[in-house]
Each structure stands twice: as C-alpha cells, then as structure tokens.
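Chemist: Single-letter residue listing:
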Amino acid sequence: MKILEIKGLTFSFTKSKEPVINDFSFSMNKGEIVGILGQSGSGKSTLLRLIAGLEIPNKGAIHIAEAPVVTEKLFVQPEDRSVGMVFQDYVLFPHMTVKDNLLFGLVRTSRNERKSRLKEMLELVQMEEFELRYPHELSGGQQQRIALARALAPQPKVLLMDEPFSNLDSDLKDSIRLELRSILKKTGITCILVTHDRNDVEAICDRSISMSRIGDGNVSSIEKRIRIK
Amino acid sequence: MKLESVKRYAKKELNGWWIISLIGAAVILLPILYVFLEIFQEPNENWYQIREYLLGNYVINTIILVFFTGILTIFLGVTLAWLTSAYDFPFRKFFRWGLILPLAIPPYIAAYTYRTMLSYTGIVQSTLRNQWDVQINPELLSFSSLRGAIFVFTIFLFPYVYIIARAFLESQSSSYIENARLLGRKPTAVFFKIVLPLARPAIIGGAGLVIFEVLSDYGVTSYFGIHTITTAIFQTWFGMYDVDTAMRLAAWLMFIIIGVFILERLLRQRKRYHLSNKSKPLVPIKLKGVPAAAAFMFCTIVLSLGFIIPLFQLIAWAGLTFDKVWDISFFTLLTQTVSIAAISTAIIIIVATIIANVCRSKWAFPYILSKVITSGYSIPGAIIAIGVLAVFIQLDETLAPLYSYMGLGDAPLLLSMSIVMLIVGYVIRFMATGYNAVEVGFEKIGTKYTEASRLLGHGITKTFFRVELPLIKGALFSGFILTFVEICKELPLVLLLRPFNFETLATKTFQYAKDEMIHEAAIPSLMIIAISTMSVVVFHLIDKRVKK
Chain A
1 MKILEIKGLT FSFTKSKEPV INDFSFSMNK GEIVGILGQS GSGKSTLLRL
51 IAGLEIPNKG AIHIAEAPVV TEKLFVQPED RSVGMVFQDY VLFPHMTVKD
101 NLLFGLVRTS RNERKSRLKE MLELVQMEEF ELRYPHELSG GQQQRIALAR
151 ALAPQPKVLL MDEPFSNLDS DLKDSIRLEL RSILKKTGIT CILVTHDRND
201 VEAICDRSIS MSRIGDGNVS SIEKRIRIK
Chain B
1 MKLESVKRYA KKELNGWWII SLIGAAVILL PILYVFLEIF QEPNENWYQI
51 REYLLGNYVI NTIILVFFTG ILTIFLGVTL AWLTSAYDFP FRKFFRWGLI
101 LPLAIPPYIA AYTYRTMLSY TGIVQSTLRN QWDVQINPEL LSFSSLRGAI
151 FVFTIFLFPY VYIIARAFLE SQSSSYIENA RLLGRKPTAV FFKIVLPLAR
201 PAIIGGAGLV IFEVLSDYGV TSYFGIHTIT TAIFQTWFGM YDVDTAMRLA
251 AWLMFIIIGV FILERLLRQR KRYHLSNKSK PLVPIKLKGV PAAAAFMFCT
301 IVLSLGFIIP LFQLIAWAGL TFDKVWDISF FTLLTQTVSI AAISTAIIII
351 VATIIANVCR SKWAFPYILS KVITSGYSIP GAIIAIGVLA VFIQLDETLA
401 PLYSYMGLGD APLLLSMSIV MLIVGYVIRF MATGYNAVEV GFEKIGTKYT
451 EASRLLGHGI TKTFFRVELP LIKGALFSGF ILTFVEICKE LPLVLLLRPF
501 NFETLATKTF QYAKDEMIHE AAIPSLMIIA ISTMSVVVFH LIDKRVKK
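Taken in sequence, the protein lines are chains A and B.
Take 1 as the starting number for the first sequence in the working numbering and just add one per residue.
Take 1 as the starting number for the second sequence in the working numbering and just add one per residue.
Calculated from the structure, these hints are not laboratory results.
All the given hints hold, so there is nothing to weed out.
Mimicking BS3-like on lysine-lysine, the simulated pairs with C-alpha atoms at most 27 Å apart in a straight line are:
no. : chain 1 : residue 1 : chain 2 : residue 2
1   : B       : LYS448    : A       : LYS173
2   : B       : LYS462    : A       : LYS157
3   : A       : LYS59     : B       : LYS448
4   : B       : LYS448    : A       : LYS99
Here are the in silico distance ranges between beta carbons for each label pair:
no. : chain 1 : residue 1 : chain 2 : residue 2 : range
5   : B       : SER361    : A       : ARG111    : 32 to 40 Å
6   : B       : ILE308    : A       : ASN167    : 47 to 55 Å
7   : A       : TYR134    : B       : VAL537    : 25 to 33 Å
8   : A       : LYS185    : B       : PHE365    : 44 to 52 Å
9   : A       : LYS59     : B       : PHE365    : 20 to 28 Å
10  : A       : GLY141    : B       : PHE477    : 30 to 38 Å
11  : A       : GLY141    : B       : ILE542    : 31 to 39 Å
12  : A       : TYR134    : B       : SER361    : 26 to 34 Å
13  : B       : ILE542    : A       : SER110    : 38 to 46 Å
14  : A       : TYR134    : B       : LEU402    : 53 to 61 Å
15  : B       : LYS288    : A       : LEU172    : 47 to 55 Å
None of the values given here were measured: they were computed from a predicted structure.
Beta carbons: idealized from backbone N, C-alpha and C, even for Gly.
So here's chain B without its partners, still in its complex pose (with noise of 0.2 Å):
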C-alpha cells in the first residue's frame, strides 16, 4: 500500500476514540508484559531454593486440581444441560436458571462453610453423634484436602460449562438431534453420538472458564493448606517480601494459561460445527414416573449442595453472630466495597465502550487490540497484581526526584501505597467482562444507525452520544452489573494490592475464615452472596430477552 493511501486511510479511521484505545491497551498490556520479562532477569536465591525443593510439588497440585475439576466439571455441567434443555420433568422451568445459582457463592466461602459443617462439631457429625449416636471416622470426612478442593470447585463452577453447553443445545442442536432419533437411535447414543461431539466447543469453552478460576484460585486453596503456583505466588510476596521471585513464579503460571489457550483452541479446531443455519428450538420430551422422579431429584441434590445448604448454615450462622458483626464498621466495609468496586466498574465501562466503538471498524488491528483489552480475564489476578505492583514500584521510583521536589520526601511509595494500583489491578482484570457485554450492544445494533447520522452531518462522538448510547444503554446496565459483582467477589486481586488497612467484604470474610472466627465470616458471606445473586438474575433476564 502507497503511503498515501495509508495517509488517508489513517485520515478516515484515526481520531480521538483511537488515542484513548491504544493509550488504555498500553496500561492494560503493561504490566503483564512486566511479569513475561521477568523471565529474562537474572533469578535470586530464593528462586533456586523454590525451584529445587517446592516447585515441583506445586505444579502436580496444580495439575491435579485443574484436571479432576475439568472432567468433573464438564460431567455435571453437560450431563444438567442435556437433562433441562432436552427433557420435560417437574420444576424443570425452574431448575432451568436455579441451577446457576451456585455461581453466586464464591468458591472460598463455600470451603470454609463445607468445612466446618462437615468438622467434629459442625452440624453434620454433631447431628449424627447426638441424634443417633454415630460415630464417623474423621478422616472420612476431612475437608481439607486436594479432595475438597475439588468438590468445592466442582460444585461451585460447574454452571460455566452448564450455562454455555446448555445455551448450545437448545438453539443449534434441534434439527440434528430431531433426525437421529427419526433415524433409530435410543436417547443413550443420541447423547454420545451426537450431543457430545456436536457441544464439544461449547464444552471446551466453559470448561475452559473452570480452568482458569481454578488457576486463579487462592482462596480455597490457602484456606486448605493446598500449595500451588498461585498460593506460592503470595508466599514469596507476603513472607520474603521478594517481588522479583514472584514474578518469575507468576510468569510460569503465564506460561501454563497460554498452554491451556492452546490445548483449547487445537481441540475446538479442524470440525465445522455450524452446518445448519436454521436453528429452531429444542423441544423437550416429556418424562414420566421414575425417570421424572431420578431427573427431579438429581437436579435437587446438585442445587441443595450448590446454594440451599451452604446458605442455610450461613444464614443459621449469621443469627448467631448478627448484634456483634452488624455495627457502624461493618457498615463501613460494606461502602468500602460498593465504591471501589463502582469507581472501577465505571472506569472499565468507560474504556470498554470507547474500545469497542473503534473495535468495530473493519481493521485486521481492531481485532488484534480487542484481544489484548480482553487478556486480563484469562490471567489469574496474582499474575495481574504482581505485574501492577512491579509497574507501581517502578512509576514511584521514576517519579522520586518529582516528589522530592513537591516537598513529599525522598523516594516515598505514593502511587504504589496508593488504592489507585488496587483500580488498575481491577480494570485489566475485569476489563473483559465489561467489554464483552458492550460488545454485544454494539453488534445487535450494527453500523447501519451510525453511517446514517454521519450522513446526516454528525461526527463520530456526537453520533455516540446521540445515537448509540441511547441504544446500547441496556448492555452497558448489564455490562455494569455483571463487572460490579465478579469485582465484589475477587479476592487475590485486592489481598495483594490493597492499600494498608483497606478492607473489602471479600478480605474481610477471608479474614475472619482464616481466624477461624466462622460465625462471624457469615454476614459478609452473605452479603457477598445477595450481591453475586444481582448477577444471576440480570443473566437470567436478558436469557429470557434473547428468547423472547
């Protein structure tokens, strides 16, 4: 291409939407490319001493985690999805959204709920010991351990894979399905010849999101004394204060994330999944009797282990607990919380709009940098924190001669003491999130509204305002709600980059399971829960808008 043609092409799509976009993919792509550098960087003792002795026992932890909550989850997920999406029973309308509900507990709360209940003087046992005079051997019941590890993730993550394996069987399956069964075949092949291998990206996809809460995951694991990359990651932080071997332990966990992209990608490619066009809803079979009563039952147990168990103890908990914990601090927490989650969520909205507006033009680059904004959500929040801290630590030390002039002292931590690193921390992490739901707004509504008001004489920023933020305003509400809760609920993100002394639901209930003061872990748990259900129910409304 002649450079003049690049000129003008630079004319037509350059503008100021496009310098906000690079400059916000520059401060989202910064501090992970931080962490990859790291790996170029001379070790230091400590890192030979991890490397020789826990390194390996971290990794197969890891491993271990990763792949029996992958199979498993993938089981439940798809075994629920197929159940409600192609079979009529009782309560299946309801089981239909209820069975998303886990996701409202996060993880590390269900750990520290399931563990008491099921310790020596938790309600299990007691109620066994007392009622009926049972004893059980402990260890069948120990909790803490890789096993109850993967039972919380199990449970707790598996409407990933239900959700999108679910969303795919009931739009894109019917026409094949339908055919298989006028063709002979009994529900049981159906399901294994033509369910499976038809779901699999659908599958792989969701599977894929277990994956990476898993690697992400610190709370659950700590909390059970369960050592992996991400656990080591906070070790080497919070007790040797060594942020260079940190960083290098973060870059291998990068390196893991990329291998599980690429494991994804390679089992999705080389098929064409998408052969018919016409997609017609699924139409459930209606079952009857026992198989009714089994479809019922399963459904009633997963939901009980899910949501209804966990939230009775810890609503039972809370009553115990309320007239200590319900005072003006906690009042405090709770608008520590909601600000900065709001302050984030709206920057995140800001620039996920503004990226996805220039996204839209028809550039092989727009669709390079809607990759790079969108990374975070994939990279677990200690690899982020990490890379936003060492960025931080560098700005402050660059900026020194500056505050020594502006009288601030020589060489102080201001910007990385500061809960500004805890924003940007959240922006690249939940960035994704944000951006996806805007994304869908613009595609629904096309090009067609703008090229029209710039044919009318407007130009681009009064085409938004005018035109498409009126018409995206329902996506940016869900964009908003949806970002608000995952950042409500984060927990390694905020334990590493809070400022000192700053505390949010999610420390706080951390807190207080690790002080074993779980009664009073109850309110905030709870109070995370209800805001976490906010997002079920907008993900539950805009499904019920899609099918309208």
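Same shape as in the complex, but just chain A (with noise of 0.2 Å):
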C-alpha cells in the first residue's frame, strides 16, 4: 500500500518567481524510511511543509493513505492530516511538561488511552523519569527523544523529521542514530528524513533522493539510490 503518494508537485515562494520545487514525483509504501539528501535552499525542508499542510502548492497533488489532502480544489488543514513532524530545534512547549506535551497530541484518544500510550510511548524512547520536566530541564538528546514521542503518539501515517541532528553534539549522534532506526522500525511508521548529512541517511535509511538545483535556474532534480538495510 502506497503511504505517500506526490504528483507533479510545484511549488515557488510569493516573491520569487522560480520554483523551489518543480514538477516533484514520489510515492513511499508503508514502513519506508527514506532520506532527503540536499544543500541549503534545495527545497527539501519546503517538501515537508508541503507535505504537512504548511504550504500550498502551486501545482501538483499529495495522497496520504491513498485519500488526496492536496489537488487542484482541495485543501486538508494540517490538523486533520495525520502527519507527525519533528522540528529542527524540536519546538517542544515550553510552558508544558514532558507529560503534558506529550497528552497534547492525543486528543481523539480515549482518557484511558492517553494513559497508557503516555507509558508506551516513554517507554519506547527511555525517558520515564523525565515525565515531569520541563522542556528547558532537558538535555538536546533528551529533547530530542520527547520530541520524536509526541509526534508519534497520535500514531500518524507519516513521520516527518527535519534535520533532527543539526542541534546535537557529533559524539552524541552516531549512538543516536541507531536508536532512532530501531525505534522507528519497532513502530512500523513511515517516515521522511531530511538532512544535509549523508551519514545520517546511510544509518537510518532504506533509500534516499538527492535534491540539489541545476544550472542556475531553482529547478530541483531527483536521484534515487536504494539502500535495502
């Protein structure tokens, strides 16, 4: 079954008249992990935003789960697309808990519910005794973590990750690294990765795409490479 499904999508920021992203295809079957290789300014982290609902394509069409959140007439706000993102700089609530941020995603889950994928989920990233810290409290591997948690906890479709390691020290990365694979494997998500980082993408991904720009012009090019791990 095809997770993510991307059609002739375009799209170029209000002043400029150059597409960041042109004529962009892709499609991801259920519990892929693929990795966004590309410079600054090649569109990639512009790519999630379009997948998350964040912008609006100029052309082009985004089927999550085989249903269109995006097409020609078509609009899904962000809210009802069941996507999960973690942010760079994780963005995690700063007048929250590690509890509260967590519980504020399940919102259609029942309050027993909550309970318990409030347990699975700190279970999954080994922070149960962080449970009542507050954001500032934690270190940027710990941040990191509960940020990966609260996006998985309403279980979206797709996980999307924007350059995850830019705010971790070089020693700390390659330990979590690992983890992160084997926490979304364990989870079965789908999961899009951006990063300027090959190794990143070497250690989690099952295949990866190039963006870059060619020649002068902002037209994005693809490369695919599979990396069956």
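Two independent chains are provided; combine them into the complex using the hints.
Modeler: Quick look at the structure:
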C-alpha cells in the first residue's frame, strides 16, 4: 500500500518566480524510511512543509494513505492530515511538562487510552523518569527523544523529520542515529528524514533522494538510490 | 491565479478569526473614511467664514508649533541619548531610564503647572520678590504663548526621540563608532559624521511621534489660548454646533498628517542603515572631572524641568486642597476613569490579539490590514472623535424607526449620547498601542509552536488558547498596561465624546485648570502621573529583560 504519493508538485515562494520545487513526483510504501539529502536552499524542508500542509503548492497533488490531502481543488488542514513532524529545533512547548507535551497530541484518544499511550511512548524513548520535567530541564538529546515521542504518540500515518540531528554534538549523533532507526522500525512508521549529512541517511534510511539545483535555475532534480538495510 | 486555486487558498486561510478581523478593521476605518468624504460635500457658510478669516492663522500656529517642537525635541532627545549611551558619568544608569519620566506628565498638566509657577503670585516671582526684592518684567515670564507651548512640548515629549535614538545607538552603532574612533576621529566628528546620519531613521521615527502628539494636542493650546486646527475643531463643534465644518477642518488636518507621513517616509528611504549584522552593545567611555560634572548637570536640569519641579509643585498644591478634593466624588471620578479605561483596553487587547494572529500569515493582505487598524495612533483624537460622532449620529438616524417601534420615542439620540461612542473612539485611537505590543509577542514566539500544535491535531482556536496564549501573556500584559495608561491620560477625545456629565481624571483636571482652580487640579493630576509612571516602569522592565 502506498502511504505517501506526490504527483507533479511545484512550489515557489510569493516573491520569487523561480520554483523551489518543480514538477516533483515521488511515492513511499508503508514502513519505509526515506532520507532526503540536499544543500540548503534545495527545497528539501519546503517539501516536508508541503506534505504537512504548512504551505500550499502551486501545482500538483499529494495523497496520504490513498486519500487526497491537496489537489488543484482541495486543501486539507494540517491538523486533519495525520502527519507527525519532528522539527529541527524540536519545538517542545516550553510552558508544558514532558507529560503534557506528549498528551497534547492525543486529542482523539480516550482518557484511559491516553495514559497507556503516554507510558508506552515514554518507554519507547526510555524517558520514563522525565515525565514531570520541563523542556528547559532536558539536554539536547533528551529533548529530541521527547519531540520524537510526541510526534509518534497520535500514531500518524507519516512521520516527517527536519534535520533532527543538527542541534546535537557529533559524538552523541552516532548513538542516537542507531537508536532512532530501531525506534522507527519498532513502531513500523513510514518516515521521511531531511538532512544534509549523508551519514544520517546511511545509518537510518532504506533509500534516499538527493535534491539539487540544476544550473542557475531553481529546478530540483531527483536522484534515487536504493539501499536495502 | 485560477479560481479553483483562490478557493483553495481561501479554504486554508479563511476562518472565524479572519471574519472578526475584517469586521474590526471596518469599524476602525469607517469613521476615518467619513471624515475624508466630507471634503466632497458642499461646505456651509461657517466654513467660508473660517476659511476667509481664521484658517490661515490656525495653520501658521500649527506649523510654528510643529516645526520648533520638532527641531528642539530632536536636539534634546539625541544629545541625551548620545550622552547616556556613549559616555559613563555619575548616575548615568539612573538617568538612562529616569529621562523617560517626563512622559509620565501629560503636557496639559505641565502647561498649567508652569504657567501658575511663573505667574505674579507663583513660586518663582514671589520668591524673587519677597526674598531678594527682585522684580521681573512680567512679559519676560509670560508663559501663555507659542513660546510657552513649545517649551512644554519639548520638555515633556522629547523622551519619544530619546528612547528610540538611544535604543538604536546602544544596539546598532558600536562597530561603526569604534571604527571611526580607530580611524582617528574626535568625539564631535564621530557624533556629527557617523552617529547623526546613522541614527536618522530612529530620530525621524521619534520626531514623527512628537509631531503627531503636537498635532493632536488640545489641552496645552486651548489653555494658552493658541488657535490651531485642533482647537478650531472644538470651537466649531462646541461653539457653533456645526459637525460638518468640524469634519471639514478634521479632513484638512488629516491631509497635514498624511503630508507628515509622506515626508517621514521620504526622509527615511534611499540609504541603507543596517549593514552590520552582528551588533554588540556600545561600550561607554568614562568621563572624569569637568566633562563628567557637565554631563551630570545637563541631565539633572532636564530631569528637574521635565519631572521633579512640576511633581513637587503639584504635591505642594495637593497638600493645600487635599481635604476639599479627596472625597467621595473623587472616588467616583477615579472609578469612572479606571473602569472606562479597563473596558476599552480589554476590547483593544482582544481585537488586537485576533488581528495580530491573523496577520501572521504570509499574504500581502494581512500587512495592509495591520496598517489599517494601527492608523488611529497617528490620527489626532479630535479627528477620530468627529468621525465617530458623525457615524453614530447617522446610526441613530438609521435606527430611528426601530427605536420608535421599541417605544423609545421619535428619533432619540440613543447611541450618540451613550458611553459606547467614547469606548469606540478609544478603541480606534489606541488600537496601535495594544496591537504593537501583541505583535511583538507573536513575533517572539514565531510560527513553529503553532505549526507543531496543528500537526498534533489541534485547530487554530485551540492552538491559540493552549499554546500561543500562555506564551504571549507577558506581551499582552505590557500591551494592556501601556494602552490603559494612554487612555487614562487622553484628553481631546474624551472631551468630545463623553456623555453629558461624565467626568474622568483628565477632564476634571482640565476643567479645574480652565476655571483657574489650579490647586484643586493637583490631586487628579498626581493620580494621572502615578498611573502614567506605571507605563514608564513597564517600559523599563521590558528594556531590562531585552538587555538580559
């Protein structure tokens, strides 16, 4: 089953006429982890924002779990797309504890289920004893785990990760990469990971796409490489 | 863009928040448009008379006030900003924020305080006469003149230039100044060749605020008997009961305001002022001996004239009239002022928050919307009042059949005699103060938390209450205090729009002063100053937090 399908996606920012993403097509199967590589300005983060519904494409369509979320006529709001996202700087709500941050996304879950889901998520990222801490009381690596748990808690159909390692020390990265892959595989989630570091992709992803500019234009090209882990 | 795409955009962006914002903007814009449209109506006889015999004088007085106050506030504001940011001298830290205090005294209070102090029976002349037997030519100390008004506006409004210029100098200019010093230039050359040209946008921004205040003023000019366009609006309304001519005058004043706006933009553009991205604070040079004493004296004199002297004089007068003024009617006055200001401020903050939230989207339209709703601040209270009045009279006329059906009599002036009119006036006039504070709050948190919350399944409204509101509540609080204080101080708008017999601290103070009951005016004045000091303290706290 195709969990994510993108057809002929084109996007440009209001002020520039050159498209950042031009006629981009791509699809993903359930449980796949795909890395998107590219230099800054190549449109890889914009692609995530388009999938999440935080930007509107000029042209093209996106389907999630075979249901259209954006077409020429249709636009489904971000909160109704069942997409989870781990932001570059994690964006944990500073006025909420770890527990409240995790419970925040469980809007469509019953009260009893919420508790068990919270426990399950904290166990998954091995942060059970940090439940009552505030984000500023956590280290960078701990914040990242909580951000991941928060995004996974509502059981989204697709998980998007935008440069999740950019705020971490290099020696911490290696251990976290392996841990992340094992968490993702354990949950069976379909995931897109955007990064500029090839090592991230090699350690975590099943396949990768490189986005780059051709010549002076902002035309993005795709280069697929299959990597079976 | 195809129709389908427009529909899709609308689906993403349009929601209840947008609808409330558009209604809010319409309410704010309507009275201003009403004033503008008056230009296209056929004028009446009063207008021809005013134009023939009086308008020239009004315009000349207005220009003189604006020009000299503008120049002098720039001189005082920039000099003090430069002194307190580039040099270190005794009590510099105290003066840094102390020099904002003159803003806590509304110019109309300063006007009657100084005029009385300098009068024949005032403290200055009587002390000279009784202690040293010195007689001064009364002409020399005559304060009820353009000269006196310019003095009052300069001493009590210069902090607008000072605050903006200082913030700019402290945060933006260090690398240029250090470079100029390393290139061997002396402090005066650095000031004139580097600091002044660089700080030009900041200085013009501050001076713009001063000019708008002067154009709005009614208290000082009417107390001194100086005829300006604003006082003329009052005369035609209260003296001739001629709303049409008052609106026509307001429309002309509006053109002057637009002229000032365009001039401000023209003066600011063409040059780039922020080339250096890395800004570090300016390290002040330590002054010693005579220069240090001179800097200290200069700041002390300005602070004394702008705050300490009038404050002590008012306290002394308050002591004389305390038993007479401090009674149950004063308590009523205070309650009325606080409640009307609190209600208006609450409406402003709620509407400002809704609109500021909507304006975070990346369309071009929200930018225009934010400009429209904040336009009230540069429009004098008298113009807004006339516009609101005209709209409410029209509303009453339109609703007359409904009133009659409800058994309220034939064509009563229901809305235009009510407190609602004053509240609407306040909301339009001070929306910008609240909006700017709220906008700063939203800018600080960015859009990431909102996006995270929406991806976790929450809609716009729930996201606002659960995520954004707790994060911007500090900004909302400071916005509330700043707006509340502005409303408590405001005079021209409340004089024109208040219901019969409705008094606030500002109107009572002005009434006492007009009736030459200067000592009685001291207690309400001190109350206004105490409330205004709150905003200075809030400003100081924000500044401290930003520095941290």
